[in-house]
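Asker: Below, each chain spelled out in residue letters.
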Amino acid sequence: MRSTSASLKRYPQLADGTFVGRKTRRHAASRPDREPQSGGTMNKIRALIVDDSSVMRKIIERSLRQAGLDLEKIVEAGNGAEALGVLRDNPVDLILCDINMPVMDGLEFVRQIGTVESAKGVPIVMITTEGSESHVVQALSAGARGYIRKPFTPDQVKEHVLPVLEKALEKKS
Amino acid sequence: MKTDTSIAARAQEENWLPILELALQEVFEIMLGCRLEPASGSEHRTGGDITGMVGLAGSACGVLTVCCSTRTATAVAKHMLGAETVRSEDHVWDALGEICNMVAGNFKNKLSGMDGTCMLSVPTVITGGEYSFHSLADGGCLETTMLFESMPVIVRLDLHS
Numbered sequence: 002m003r004s005t006s007a008s009l010k011r012y013p014q015l016a017d018g019t020f021v022g023r024k025t026r027r028h029a030a031s032r033p034d035r036e037p038q039s040g041g042t043m044n045k046i047r048a049l050i051v052d053d054s055s056v057m058r059k060i061i062e063r064s065l066r067q068a069g070l071d072l073e074k075i076v077e078a079g080n081g082a083e084a085l086g087v088l089r090d091n092p093v094d095l096i097l098c099d100i101n102m103p104v105m106d107g108l109e110f111v112r113q114i115g116t117v118e119s120a121k122g123v124p125i126v127m128i129t130t131e132g133s134e135s136h137v138v139q140a141l142s143a144g145a146r147g148y149i150r151k152p153f154t155p156d157q158v159k160e161h162v163l164p165v166l167e168k169a170l171e172k173k174s
Numbered sequence: 299m300k301t302d303t304s305i306a307a308r309a310q311e312e313n314w315l316p317i318l319e320l321a322l323q324e325v326f327e328i329m330l331g332c333r334l335e336p337a338s339g340s341e342h343r344t345g346g347d348i349t350g351m352v353g354l355a356g357s358a359c360g361v362l363t364v365c366c367s368t369r370t371a372t373a374v375a376k377h378m379l380g381a382e383t384v385r386s387e388d389h390v391w392d393a394l395g396e397i398c399n400m401v402a403g404n405f406k407n408k409l410s411g412m413d414g415t416c417m418l419s420v421p422t423v424i425t426g427g428e429y430s431f432h433s434l435a436d437g438g439c440l441e442t443t444m445l446f447e448s449m450p451v452i453v454r455l456d457l458h459s
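For the protein sequence lines, the chains are A and B, in the order given.
Note that the working numbering numbers the first sequence so that position 73 is 74, with each residue one more than the last.
Note that the working numbering numbers the second sequence so that position 108 is 406, with each residue one more than the last.
In short, the hints are calculated from the structure, not lab data.
Using N, Cα and C, we set each Cβ at its ideal position, and we do this for glycine too.
Worth double-checking, as some hints may not be accurate.
Here are the computed distance ranges between Cβ atoms for each label pair [as the list claims (entries may be wrong)]: (1) B:426 with A:141: 38 to 44 Å; (2) B:430 with A:116: 35 to 41 Å; (3) A:104 with B:415: 20 to 26 Å; (4) B:436 with A:135: 26 to 32 Å; (5) B:336 with A:47: 41 to 47 Å.
Pulled out of the complex, with its shape left as it was, chain B reads as follows (with noise of 0.2 Å):
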């Protein structure tokens, strides 16, 4: 019988990480037309310097960040636009918003009776790599981390219970 029926148990008693891991698949292969390999190893846990953000809000309140190295975001911006279109970096923080906000959706369109009650919010991108992250969250976290032309795309999911 179930005790806790908080978000945060959901996730855990329904496995959250592969679906979060194929809404991350799916904008890849869609937006880019580029197929993410499995990150094995500690050796792609190191840090991005650059951060996506979008918050959960609703039946599902957290955030999700998309964490990548520059590099790795201009080669996004790049397939996503076309190498000749990025000239600037503006267009690599919104191409890696748009990700993070699509990975969200992607995501949270594929939980059972989510319909209509979690929002999401408008992205927010983050440079730089020296900062720590805080998440008010209470209710535990999903981490993945794939291969992007053989650079580490990590996405977390921080959810309040």
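Chain A with its partners taken away, still in its complex shape (with noise of 0.2 Å):
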């Protein structure tokens, strides 16, 4: 590719670490079908979210609100490795995970989990664009409890979240 006054842009090596007590961020309001939902059974709820795209962040942010979930705290990480380092300082209760990362991937991150004492027992679901068969069943095979494949919608998400996460709570205590 030649490139004249084009100036290319290596995408998102999205190193803004992590936030925590995000403001609740709406969606358009010219679209009511994802407003917020109430009713929510479990309440404060410690999520870290791991994706290259800092978009992609905000609306899983936004899927888990309009899910239902209180969410005391949101971490979030760029990339597997960011992701290790964070929840060694942030004990939490979901994680939701993309598996296409720099640095490393969302699948090596589930292997290594294991490593940080605090994240054992901790479910996670993987949303990805990678939705084919193989990469599932790796996922599962190697500790994750879902998948949402991306495009997805806060149903979606809510579909596969809420049970991974009651289980886990149920278990927990």
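Two chains, two separate frames, one set of hints: put the complex together.
Answerer: Written as structure tokens, this is what we have:
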């Protein structure tokens, strides 16, 4: 590819690290179908969202809120290695993770999560464009509890995340 | 009898263009809540000044690009995030890269026989329109233009044979 005045930007090396207690972001007001739902049964959930796209992290966070989760704290990471570091300082109840990421991909992250004592047993749901059966099998074999394909609706997030989270919280209590 | 079993030949035989269009439409409908309209005529064939790219490797090799104007990409980002959240061009680049990534993933997930054998790269975004695209892919290309809020979005898949 030849470029004259065009500039090439390497897609996200998003190292904006951890954000705690972010404000609720609402989607465009013209879309009432995406308003947050009430009636969540789980309180004060701490979640880690791992994705190299900050846009996607925001969308996932919004989807969790729309699923009725009362999010006490959201922490974020741009790749698996960063996520392991974040987990060491921030115990969480739920992890949502992409697969295709620079530095350390999601599958490797899932394999290595056992090295973080406080993260053992925390349910992981993969959210990724890699939707083939072999990727699903790999992710579940590595320890993920759920799998959501991008593009996804807030309802799909609710459908896949809530049962996994409920089960994990039951086990914990 | 099949004599050419290349992926490019398969793309032609199986007519992948409607699948590519469907993959694009689904991403916009699900992630943005917007329906794309088909573009007609050559007035929408002009290139944009921002391009998202995702590489494919494995059973299908090539590159998928999504090209549009910065105005269009900004509107896309606002639909994805909410207008108040899009504060910088980083969000616009990121949003277009993710759209490109999801179109590529959705497309390959719709093709049979690609199960786990076609990998995607992380996206790259190019800004600026004054460049020529010379893909080394030798298997031809699929290209479609659709309208997002009356603005063209061009998706192109260049394949290696």
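Asker: Look at each hint and say if it fits the structure.
Answerer: Each hint, compared with the structure:
1. A hinted range of 38 to 44 Å holds for the C-beta pair residue 426 of chain B and residue 141 of chain A, which are about 42 Å apart.
2. Checking the proposed 35 to 41 Å range against residue 430 of chain B and residue 116 of chain A shows it is violated: the Cβ atoms sit about 48 Å from each other.
3. Taken as a hint, the range 20 to 26 Å holds for the pair residue 104 of chain A and residue 415 of chain B, whose Cβ atoms sit roughly 24 Å apart.
4. Restraint check, residue 436 of chain B to residue 135 of chain A: a C-beta distance of roughly 28 Å satisfies the suggested window 26 to 32 Å.
5. Range check, residue 336 of chain B to residue 47 of chain A: about 45 Å between beta-carbon atoms, so the 41 to 47 Å window is met.
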